[in-house]
Every structure is written in C-alpha cells, then in structure tokens.
Amino acid sequence: MYNQKVVDYFMNPRNAGKIEDANAIGEVGNPTCGDVMKIYLKVDPKTEVIDDIKFETFGCAAAIATSSMITEMAKEKTLPEALKISNQDVADALGGLPAIKLHCSLLAKEGIQAAAADFYMKRDGVLPEGLTFPENCTSNVGGSEEEPFVSEDNRSAE
Amino acid sequence: MTPREVYLDNSATTKMDPRVLEAMLPYWSENYGNPNSLHRRGREARSAVDAARASVAALINADPTDIIFTGAGSEADNLAVKGAAWALKAKGKGNHIITSAIEHHAILDSVKWLGRMGFEYTVLPVDSKGMVCPSDLEAAIRPDTVLVTIMFANNEVGTIEPIKALGEVCRKHGVLFHTDAVQAAGHINIDVKDLPVDMLTMAAHKMYGPKGIGALYVRKGVKLIPTLHGGGQEFGLRSGTENVAEIVGFGKAAEIAKARLEAGEDKKLAALRDYFIDGVLSSVPESHLTGATGEDRLPFHTSFTVKYIEGEGMLLLLDAAGIAASSGSACTSGSLEPSYVLLALGLDHATAHGSLRMTMSHDTTKEDIDYVLEKLPQIVEKLRAMSPFYNKK
Numbered sequence: 001m002y003n004q005k006v007v008d009y010f011m012n013p014r015n016a017g018k019i020e021d022a023n024a025i026g027e028v029g030n031p032t033c034g035d036v037m038k039i040y041l042k043v044d045p046k047t048e049v050i051d052d053i054k055f056e057t058f059g060c061a062a063a064i065a066t067s068s069m070i071t072e073m074a075k076e077k078t079l080p081e082a083l084k085i086s087n088q089d090v091a092d093a094l095g096g097l098p099a100i101k102l103h104c105s106l107l108a109k110e111g112i113q114a115a116a117a118d119f120y121m122k123r124d125g126v127l128p129e130g131l132t133f134p135e136n137c138t139s140n141v142g143g144s145e146e147e148p149f150v151s152e153d154n155r156s157a158e
Numbered sequence: 159m160t161p162r163e164v165y166l167d168n169s170a171t172t173k174m175d176p177r178v179l180e181a182m183l184p185y186w187s188e189n190y191g192n193p194n195s196l197h198r199r200g201r202e203a204r205s206a207v208d209a210a211r212a213s214v215a216a217l218i219n220a221d222p223t224d225i226i227f228t229g230a231g232s233e234a235d236n237l238a239v240k241g242a243a244w245a246l247k248a249k250g251k252g253n254h255i256i257t258s259a260i261e262h263h264a265i266l267d268s269v270k271w272l273g274r275m276g277f278e279y280t281v282l283p284v285d286s287k288g289m290v291c292p293s294d295l296e297a298a299i300r301p302d303t304v305l306v307t308i309m310f311a312n313n314e315v316g317t318i319e320p321i322k323a324l325g326e327v328c329r330k331h332g333v334l335f336h337t338d339a340v341q342a343a344g345h346i347n348i349d350v351k352d353l354p355v356d357m358l359t360m361a362a363h364k365m366y367g368p369k370g371i372g373a374l375y376v377r378k379g380v381k382l383i384p385t386l387h388g389g390g391q392e393f394g395l396r397s398g399t400e401n402v403a404e405i406v407g408f409g410k411a412a413e414i415a416k417a418r419l420e421a422g423e424d425k426k427l428a429a430l431r432d433y434f435i436d437g438v439l440s441s442v443p444e445s446h447l448t449g450a451t452g453e454d455r456l457p458f459h460t461s462f463t464v465k466y467i468e469g470e471g472m473l474l475l476l477d478a479a480g481i482a483a484s485s486g487s488a489c490t491s492g493s494l495e496p497s498y499v500l501l502a503l504g505l506d507h508a509t510a511h512g513s514l515r516m517t518m519s520h521d522t523t524k525e526d527i528d529y530v531l532e533k534l535p536q537i538v539e540k541l542r543a544m545s546p547f548y549n550k551k
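Protein sequence lines, in the order shown, are assigned to chains L and H.
Per my numbering, the very first residue in the first sequence carries number 1; after that it's consecutive.
Per my numbering, the very first residue in the second sequence carries number 159; after that it's consecutive.
Hints were generated in silico from the structure; no laboratory data involved.
Treat the hints with caution; some may be incorrect.
[Claimed, not checked] Think about it this way: if two alpha-carbon atoms lie no more than 25 Å apart in a straight line, the pair counts; the simulated BS3-like pairs of lysine-lysine are:
#1 LYS540/H with LYS5/L
#2 LYS84/L with LYS5/L
#3 LYS524/H with LYS425/H
#4 LYS270/H with LYS249/H
#5 LYS416/H with LYS524/H
#6 LYS42/L with LYS18/L
#7 LYS5/L with LYS533/H
#8 LYS173/H with LYS533/H
#9 LYS249/H with LYS330/H
#10 LYS75/L with LYS540/H
#11 LYS465/H with LYS18/L
#12 LYS369/H with LYS330/H
#13 LYS173/H with LYS18/L
#14 LYS426/H with LYS524/H
#15 LYS173/H with LYS369/H
All values derive from a computational prediction rather than experimental measurement.
Just chain L, with the same shape it has in the complex:
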C-alpha cells in the first residue's frame, strides 16, 4: 500500500527525536485518533530561520514518514516559508499517499503550524495575522451512529 519512498522515510526517519533546548514546540493530534505529532524547533529569533527541527510521532508508518519529510522540507527555511508547505506538498514529496492516509500529511502541516504559533506567542505574546493554533484532532473519529445499509469501509477481514 505504501510506495518505496514512504517506506524509506518510515524505516530511516529523518530528524527523529527531541531538541533539548528547543525554543518552540508544537503538539498536534490525539491518541484516540491514533496519531500524535510533536515538533521541536530551534528558530533564530531575529531571522526566523529554522536552524534545527526534530519530531516525535506516535502513529502509523504514514504519520512517521510525513513527519520525516516535513522536517526535512522545513529545515533551514524561515518560519513564514515553512508555513507555506501544504499537506499536498508533503504528500507529493513522498510520491503520494494512500487516500486513507492523507490526514497524516495534514497532521504534519499542522505540527509546523502549532510549533510556529508557539514560537510567536513566546516571542511576541501574540500570533501574527493569519496564524492560529490548529485544532486538536484532525482525524474524523466516530462518525454518525446510523451505519450504511451496505458496509462501505474496507476493513481487513478474516
């Protein structure tokens, strides 16, 4: 279900771990949803360049691969540049993700957003215009009680 690039970014994660002296941290997702991503940033307070970035992720292979990819893409960019990376950019850079896993790329984007918001709040006490803290859970958990007449999910069977 995953292409070779996704598997590579999962098996050999880039920038995994934490930054002890990070000056911004963003955490998104929710264990109930199955994915939690924590982004650590070391940002130059003057130039806003991301000097270092690391992630810790609880989640499936796609969540780890998108974390790997977005940290690689954001490193050495300025925060405004990094914030322009869309979830589609991440998915494209990985050569595509299965439809059911696209929410993982959204989580990666929101991880950067949350960390950037943390940086601005700490530095300025306010968020720059257009930036908000992301919602806590991007995954669509639960859904309606009324089940479809015919099963539509592609759950594994045995």
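For chain L, the structure is supplied; the task is to place chain H on it using the hints.
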C-alpha cells in the same frame, strides 16, 4: 542465505497442507463430474463429496447429514443467523436475537441487517479477557428471543468462550444457539454430541485447507430458510453445484486436524505458545497479553499490546525482518478506529492502536519464536525512540 521467513498470521489464513492439495488436484481435472449426475463421473464426484462430508462431521463428532458446505465461513454464518431468524419469525416464535460485542463482521453485520429488517437484537458485553458471561446471557433472554449467536473463540484475542455454559442457558430457555467456530475448529476438541450447540460454523482455510469453502453444522430438527435458492443442493440449504475439489480439500484438512488433535499436537503448540508469550512479556517492557490464558486460549494464538507505539509500524518493521504478523490498530483496519474487539475488552484507544497479534501454525518452530524474540524488542525500541509518549532513559 535467504532471510528467515516466519509466518505468524495463521488466524488470517493458514498455509495449505500439501496432502490437502494432492487430494484436491484430481477433482479439477480427470474427476470432473457433477455430483448431481447419475452417470459414473457423477457418482465418483458424489462419493468424494460424501466422504469429505463424513470427515468434516467426524472432526466435531457430528452426523454427516448435519454438515452443509458453503462458499465460506462468512456464508455459513449468514445462513445460520438469517436462516434461523427468518424461519423462527415465520413460525411466530419471536423477533429477538442475542449476540456478543466481539463477533466477526459476518455475524455482527448479519444481525444488524436483520435489525433493519424488523428484528430486535441485544449485543452482550465481554469482560477484560473477552469472555461472555452466561449470567449476562440469561438476563438478556426474553420470551421472544429466537436465536443466540456467540463465537467459539475470538480471532483477535484468542479467548475461548464458555460455550457449554452458554449453550446450557439457551437450552434451559428453549432458544436456538449458533456458534461461529471458524477460529476454533480443527485446533481444539469440539464434540457437538457433548455441547448444547445447534449450529456451528467452520472454514477450511483456517485449518490448513483451501480458501473459499466453509461448512455449517446444523443439528437435526433445526429448520432454516435458505439464503441461496436454486437446485436444492446441500439438503436444500445451499443451492449451487458443489465445489467438489474444495469440499474434498476441506475433508482432507479435517481428517489431518482430527489426527493431530488425537495425537495431542494442540497441547504441544500450546506449550510453544506459552513459551512465546513469556518471551514477549519478559523481553518487551510494558507489553501486555490480551485475552485469556491456558486452557481458555486458542493453542496457536498470541496477542499483545505494546505501549507508546502504533501497530502498523511494528508490522512493517517485522515484515522487513521476514516476520508476518497483524494488528488491530486503526492504521491497519482501513478506518480511523482501532479494533472494536479490543475496545470491547475495555482497552483505551491509544493502547488498542498498539496491538500486535502473532498466531502460530503446526509448522512454527522454537527457532522461529526465538528469532522473533530477538527482533521484536529492537523494533519496539526503534519505534519508541520516536514516540512522544515514551520516556527515554
């Protein structure tokens, strides 16, 4: 040197025994008759089907005429649940069905569908080991209850249900009792002469037989409305020309399974299972067994939760090491929800996402298990090093 391959997903399917394939082969070529034909070719096919029916019956100590071959275990479940519900409703016996929260989708979705067709149903909870309590069942039975369907053993956590006690409750109240024994049949001793069970589902591919063939045991006197109409094969309960080769394969698989049970090979496998479970629990910190232990657990089945990480990552890294396993995490289910079975046992979402199931076969060796016990702790450590929940030393 080829890397070691350890297949530990035998709850999903088993590798077909070469003796089964050998028995099947002629029925796709030279012995091509339709068992419903009068001529020699037809009679030859009929004898083969009859012999297979006797072997499958013998596995659970049933009479051969109580075995209905179907196209899958799921089909047998559908026939049992829908067939009995409609037949009893037609007789005015009632309108209420009871099942459990950890059934296979073939049961749960059939029951829910009947719910849309005007039936009422109750879904019984399970305890932390996945066990249905007979007193809960008794409390749920109503005057209009027509059918109880509770699985013999669970696929995800390996727990064997108290089928005898549950069946006795049904008998006491005069309610029909079906059990989905797809995971249990061929792996533990089942005797329908001793068990108060009216219908029982089996599938060949879970016992080293071919895929695409199941069977429903239907105790004499139990009336079902068929779910497939046509030429009236299988005592009128499953029309369609018999899948002779697959039926022959099921017969052979049942014969081999019976011989293994008589030789006590299930006990040997259970000993290896316990060695495996102890090994995982002692080599992977903060891992826990899910489901029951000892006699209450399928002899080939192990299942765990591993804290702080998600199942899919474990599966991919295990796969890279040549080890095939499965998980009830959301990521592997194709939905965003973890396994409903694990949630029914009372596990929280995050823990259920970290589930890992490794189910052995009679081909699994101690060397295979030792290899997994060497690789698994490294894999868990690698994923935990990336997890925001894990406190690194």
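Outcome of the hint check:
no.: 1; hint: LYS540/H with LYS5/L; result: 19 Å, holds
no.: 2; hint: LYS84/L with LYS5/L; result: 23 Å, holds
no.: 3; hint: LYS524/H with LYS425/H; result: 15 Å, holds
no.: 4; hint: LYS270/H with LYS249/H; result: 21 Å, holds
no.: 5; hint: LYS416/H with LYS524/H; result: 23 Å, holds
no.: 6; hint: LYS42/L with LYS18/L; result: 11 Å, holds
no.: 7; hint: LYS5/L with LYS533/H; result: 24 Å, holds
no.: 8; hint: LYS173/H with LYS533/H; result: 23 Å, holds
no.: 9; hint: LYS249/H with LYS330/H; result: 20 Å, holds
no.: 10; hint: LYS75/L with LYS540/H; result: 23 Å, holds
no.: 11; hint: LYS465/H with LYS18/L; result: 19 Å, holds
no.: 12; hint: LYS369/H with LYS330/H; result: 37 Å, violated
no.: 13; hint: LYS173/H with LYS18/L; result: 44 Å, violated
no.: 14; hint: LYS426/H with LYS524/H; result: 11 Å, holds
no.: 15; hint: LYS173/H with LYS369/H; result: 10 Å, holds
Hint compliance for this structure: hints 12, 13 are not met, and every other hint is.
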